[in-house]
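Colleague: Assembling the complex is the task here: the two chains are given apart, and the hints tell you how they should meet.
Protein sequence lines correspond, in order, to chains L and H.
1 is the number of the first residue of the first sequence in UniProt numbering; add one for each residue after it.
1 is the number of the first residue of the second sequence in UniProt numbering; add one for each residue after it.
Hints in this document: simulated from the structure, not taken from any laboratory.
In this text, a Cβ means the ideal position worked out from N, Cα and C, and glycines have one as well.
There may be inaccurate statements among the hints.
As the list claims (entries may be wrong) - To spell it out: a stretch of chain H is covered by chain L in this simulated footprint if at least three of its residues, at any positions, have a beta carbon under 8 Å from a beta carbon of chain L; those stretches are:
#, stretch
1, 62–74
2, 115–126
3, 131–138
4, 210–219
5, 294–303
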Amino acid sequence: MTGPALRPAAARRTPAPRERTILSPFDWRRPRIFVGWRAMHVALFVGLVGFGAIPIVWMVRAAISSTTDLVQRPLSLIPEPARWENIPTAWNLLDIGHYLVNTVVLVGGSWIVQLVVSVTAGFALAVIRPWYGRYVYGAFLVTLFVPGTVTLIALYLTVLDMPLLGISLVDTPWAVWLPAGASAFTILLVKQFFEEIPRDLFEAAQLDGAGWFSIFWRIVLPMSKPILAVVSLLSIMAAWKEFLWPLIVLTDPTTQPLAVALPRLAQATDPAYLIAGMLIASIPPILIFLIFQRSIVSGIGFTGLKG
Amino acid sequence: MTIAPERLRGSAPEGRAAQAASPTPRRRRNHRGRNAALVGFLFLLPSLLVFGYFAWWPIAQSIVLAFQQTNLVDPAEWVGLRNFEILFADPLLGRAALNTLWFTVLSLAIGLPVPLLCAVLMSELRRGGTLARVLAYLPVVVPPVVAVLLWKVFFNPGESGVVNSLLALVGLGPFPWLQSPELAMPSLVIVATWSGAGTAILIYLAALTGVSTELYEAAELDGASVWQRVLHITLPQMRGIILVLLLLQIIGAIQVFTEPYVMTDGGPANATVTILLMIYRYAFLFGNYGVATALSVLLALVLVLVSALYLRLTRSWSSR
Numbered sequence: 001m002t003g004p005a006l007r008p009a010a011a012r013r014t015p016a017p018r019e020r021t022i023l024s025p026f027d028w029r030r031p032r033i034f035v036g037w038r039a040m041h042v043a044l045f046v047g048l049v050g051f052g053a054i055p056i057v058w059m060v061r062a063a064i065s066s067t068t069d070l071v072q073r074p075l076s077l078i079p080e081p082a083r084w085e086n087i088p089t090a091w092n093l094l095d096i097g098h099y100l101v102n103t104v105v106l107v108g109g110s111w112i113v114q115l116v117v118s119v120t121a122g123f124a125l126a127v128i129r130p131w132y133g134r135y136v137y138g139a140f141l142v143t144l145f146v147p148g149t150v151t152l153i154a155l156y157l158t159v160l161d162m163p164l165l166g167i168s169l170v171d172t173p174w175a176v177w178l179p180a181g182a183s184a185f186t187i188l189l190v191k192q193f194f195e196e197i198p199r200d201l202f203e204a205a206q207l208d209g210a211g212w213f214s215i216f217w218r219i220v221l222p223m224s225k226p227i228l229a230v231v232s233l234l235s236i237m238a239a240w241k242e243f244l245w246p247l248i249v250l251t252d253p254t255t256q257p258l259a260v261a262l263p264r265l266a267q268a269t270d271p272a273y274l275i276a277g278m279l280i281a282s283i284p285p286i287l288i289f290l291i292f293q294r295s296i297v298s299g300i301g302f303t304g305l306k307g
Numbered sequence: 001m002t003i004a005p006e007r008l009r010g011s012a013p014e015g016r017a018a019q020a021a022s023p024t025p026r027r028r029r030n031h032r033g034r035n036a037a038l039v040g041f042l043f044l045l046p047s048l049l050v051f052g053y054f055a056w057w058p059i060a061q062s063i064v065l066a067f068q069q070t071n072l073v074d075p076a077e078w079v080g081l082r083n084f085e086i087l088f089a090d091p092l093l094g095r096a097a098l099n100t101l102w103f104t105v106l107s108l109a110i111g112l113p114v115p116l117l118c119a120v121l122m123s124e125l126r127r128g129g130t131l132a133r134v135l136a137y138l139p140v141v142v143p144p145v146v147a148v149l150l151w152k153v154f155f156n157p158g159e160s161g162v163v164n165s166l167l168a169l170v171g172l173g174p175f176p177w178l179q180s181p182e183l184a185m186p187s188l189v190i191v192a193t194w195s196g197a198g199t200a201i202l203i204y205l206a207a208l209t210g211v212s213t214e215l216y217e218a219a220e221l222d223g224a225s226v227w228q229r230v231l232h233i234t235l236p237q238m239r240g241i242i243l244v245l246l247l248l249q250i251i252g253a254i255q256v257f258t259e260p261y262v263m264t265d266g267g268p269a270n271a272t273v274t275i276l277l278m279i280y281r282y283a284f285l286f287g288n289y290g291v292a293t294a295l296s297v298l299l300a301l302v303l304v305l306v307s308a309l310y311l312r313l314t315r316s317w318s319s320r
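Looking at chain H on its own, in the form it has when it is part of the complex (with noise of 0.2 Å):
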């Protein structure tokens, strides 16, 4: 934020030089450049204080605190590796990410197949796709915290539950959802893929439209049946954005935190602790800002890494 404000008074005097030097075609017209340098930058104002503020700065902080202490009231104080220290000392950490883990896998299985499924399903309708859609859209429209509060009453243990009088009918349970360190996490799983399957549904289907459609007819005269040809024709176009969703998906569940907030609090003994409600927890329960730090630059790394070698793995499957 800094730059900014010696940039507006340097483009007054020096504007003529700067654009003299620049090749752009603008170049004739000086008075017109210099006066969309600072014009634009008046446009720019709001936006970049915004950034500067909320978005550039955080994330230079983030580095800084990752190995500082700090309690708000004494002046922070570098720490080194200290903070790292502290969350390898954790004997919580890697329950978290094996955690996470579990829950990006779990998401991923279903979360995965099922928004394409509906969404080739959805494109043969010959009538009723637009009911189609809002129905599948509709759960993304109620707010996570309503649809994570409305799911725990449905997961409520005993007879009386809805999802275990549902398995009453065909003679199943009461299972013990949330109570249960073995179905916690699946219960959550199946909260979130609620509430974010149909955006992926919708997505899915914008992208089936965009699929070049001569090559159906031609496999159609080959004799390739319906399914043959989702699977060599619909599946293999769509494949680039079939990627970039999973990739989203996988950064969506790494950072999961409303379902296992709201809805179980990180139990049953710890089952659905995820990294996410670690941070929270080093932040907001503890005062460490640090430490909690400390995780979020991890969990970035990790982010990264994943986002680096899926890329490097989808181009090398691309090529081929």
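Okay, chain L solo, but in the shape it has when bound (with noise of 0.2 Å):
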């Protein structure tokens, strides 16, 4: 809460690139406009901070307590006393570096394969352009209408016994692995990306005797490096949040990740170990979010719709 004396030398120091927003400056200084909002401004940050950051700095709270603590203080955010042995204690004893590895597997794989056919696909459609892209471009975007969840069962039974190949890769990361790269959002993502980049260089480079090949690996992907972060953390972020397919295809308890096994865990552990195990599942996201904030809430923003 900085008066208003303050505000004009806020304006000052950003040279007003900014549009006027539904409020203006002259708003500002009514005072009833003023202490309404301002009063609306902090019932938003005490609703962010207690829906938002304080479960999860409760599950950091109850990660390091003991049960009996949890029960006779549950509001308390501070542990009484701090047991920091409860995360190797869980570590340990719900093997959570074995699923940690496992999850770490799966997530890695799944972005490598996002990233390899998005951009070779984008790369086909956006600047090649052979004379059927854009019919197999409508094959792609048409799988966006029909949710994951509809083909779940043909897609096991595909995955179960690959057609033409006669193999099964349920309890292999490949399970995981592969169906990942069928995301017709990456691909119009790069698509876009890659068309708005002058067609003249490749039109140069070709003259200069260049393939395509090296028009791919010399041009295009160094200049591409944006949209490879932002399909990188989306695919990522995704992988690590997976739960459903991963509960299907991985019956094999030593292949799942942690998502899967938590549940599955939870039924016979103590609370409190728990509760490490899954700040563990969840420090990793939260970091990588925390870390990239901006390209993540930008990428959010500017390719607009992901559930």
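Modeller: In structure tokens form, the structure reads like this:
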């Protein structure tokens, strides 16, 4: 809550590239609006902290508390006493390291597959533009209208007995890696980005005798770091959150990621240890988000819709 | 997937004829056009394989499987509408449909207005905007399973549960959240909203920056209050994105799975059995993939119907 006297200074510091919004500077000078909106903003922050941050802080607190402390003082955000040893104990007891490695392997493979598929398809459709490209693109886009859960069973049976190949991917990481690539959304993103690259560059390179592959490798890929970053972040975060599909195709507990293992472990584990495991499962995506929040937030902004 | 290799083989000898017939600007450079068709195909190969196996084939298979009986041991048997008969004889189907509808209605009641209001408030922040975005999006980043397990702890019945302790501060409760047939579904909606609202807020915020602002000036001169401006200038300009998000929320809510599966497993007294939970049970508990697929096809039909109806309604609204 800074006083109204400070605002002109703040306005001078940012040299007004920003258009006016719903409220004008004049509105802000009217006491009723000023007080009302400041109150609503305070309420907004209280709500955001209460709903967004405190449950996560509580999870941290519960992970290093004793179960009796959790029962006796459920609302406290500070453990009494703090039991840091919960985390190594849970790590060993629940074999979290093993599940974490599984998770990282699954996420890493899904990421690479998604990147390879979307970049090669985007290059073919946006740069090479073969005559049949638009039909292929249309066939990609059609899949956006069929939610994954609707074809879940057929997808499972496909993975169980791959047509023409006659092999089963179930209980192997391929069952998670390969279907992750079938995302028309990332192809759409990459294609749109590649289309913005001036075609003169490609023509010039071709006159110099460059083939499609060196155009791809030497011109397009080095220019695409921003879109590669966005696609990477979206695919890594999505793969880390995946639950239903790995639950179905990874029935062997030794191959499961942490997300699938946790509910199974929940039935026979001390709450404090379980929450320590939940915390460990949440830290990597939260860290990735906090580090890359600018590109993630703007990525969601300009890509628009990603449930 | 069978088309692609033929096209590869065919493109070399017949390429010239195809190029000559197609009225593309690149017709002059025959050589490059043919090269493009071939190299383009090589670049498309990974995506064609992945989509062929994991998108197009399952979509086609779903329609076939719905009319078959398969136990994965014997060859699949064509059973006509048997699967649908079994499905409609299951008394749980009506219950699951109603539960899913109830979940959808509840999650729209919270999930539509709250993010919109948050986004409007956040767009007027002079400082702390980044912090607000981070706070709003933080729950989205938490893996859904962790979110569900965490809220399961919050919803512990009895006085030591976190939610009940909070309510006790204002003299309410304790409530048996997940153990009561009436409260179980609203509890799941709270968890789903917690995990999903951040995305909606960010999308609304992005849309708010695209609202053209000249009208505010005029409205202000005409003496329109702030809320009148929101109501008559901001919201109408955001109508498109609001309607799209509404549709996506409906489609997402109809497919709810993780929350009922992990939190309540359909209970108590089948109060949280959803359509997707039924599909899962038919396939992976009873091993009846045919019936599970039949229900998936019905779900797909409902989703298509909802989208079509929705697009029709919104078109007639927006043409007004």
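Colleague: Determine for every hint whether it applies to the structure shown.
Modeller: Each hint, compared with the structure:
1. 62–74: holds (count 4)
2. 115–126: n = 8 at 8 Å, threshold three: holds.
3. 131–138: Contact hint for the stretch 131–138 of chain H vs chain L: holds, 7 residues under 8 Å.
4. 210–219: It holds, with 3 qualifying residues against the three required.
5. 294–303: holds (count 5)
The structure shown violates none of the earlier numbered hints.
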